[in-house]
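Engineer: Sequence:
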Amino acid sequence: MSSVVVSPLWGRFGRCDRPHHKLVLSGERYELNVGITDPREVEIFKSIISPLIFKEKDIILHKGDLLIEEVKSTSISFQELIDSAKGIDDPEVEFWFKSPTCIQYKNSKVSEMFPHREAVFNSLVAKWNAVSPDELRMGIERDDIGRHVVEKPDPRSYRTHSVVVNTVIDNVKGHPRPIFKQGFSGRCSYSFAKGAPEDVKNAVLILSRFAEYSGVGSAVSRGCGWVEVTVGEVGK
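Residues in the sequence shown are numbered consecutively from 0, following my numbering.
Just to be clear, a hint being listed does not mean it is correct.
[As the list claims (entries may be wrong)] List time: in silico DSSO-like cross-link candidates among lysine-lysine, alpha-carbon distance up to 27 Å: (1) K193 / K85; (2) K85 / K151; (3) K151 / K97; (4) K97 / K21; (5) K85 / K45; (6) K85 / K172; (7) K172 / K105; (8) K97 / K108.
Keep in mind the hints are simulated off the structure, nothing from the lab.
With the hints as extra help, turn the sequences into a complete structure.
Structural biologist: So, in structure tokens, the structure goes:
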């Protein structure tokens, strides 16, 4: 499973006649974010993708090109993410789910349509354990999250979505068929119940920082699950 996470193309778009497509506007500036959590894939990105971006200076589209004006990169180690959880007395984190976040409930075909604490952080635990060194893997249980973490969604920003994440050939009808996933977007803060164990607090804070690199849920390489996270203290 690839650890590459790609955000939507941020910017202003025009209407397009093609279903499920947007029109890129001439003269408009757009932003694209890419996150990579597996160190092995970071090296691949640096050796193959980065030189192509800097060399070509544009991305060829159907009817025109996108000129690359600026490229920035930041990096952080797993240990630095762990250290970032220290020194916060009464922590609270706010997630801004900027693109549709699609989390499948366990092994079912049912999607989570709400930023429930168990769904969000269980997804992040799985992503963390898939790429972190063995000695840094987390053993936090779903029930621990349910007992000690409290979610507070912002009803004004909460939205539900059904988005196309892939297209496959329908062998019966003989033409392309879109694959949809359902999810949510908006802002949600997470704090801790009274008496929450320190190891649970630390794990949630580490995973919250990690989320900005890993994304949340599925189809993160196709623009879903992109988040911005703010970590602070309750009442500040």
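Engineer: Any of the earlier hints contradicted here, and which numbers?
Structural biologist: 5, 6 and 7
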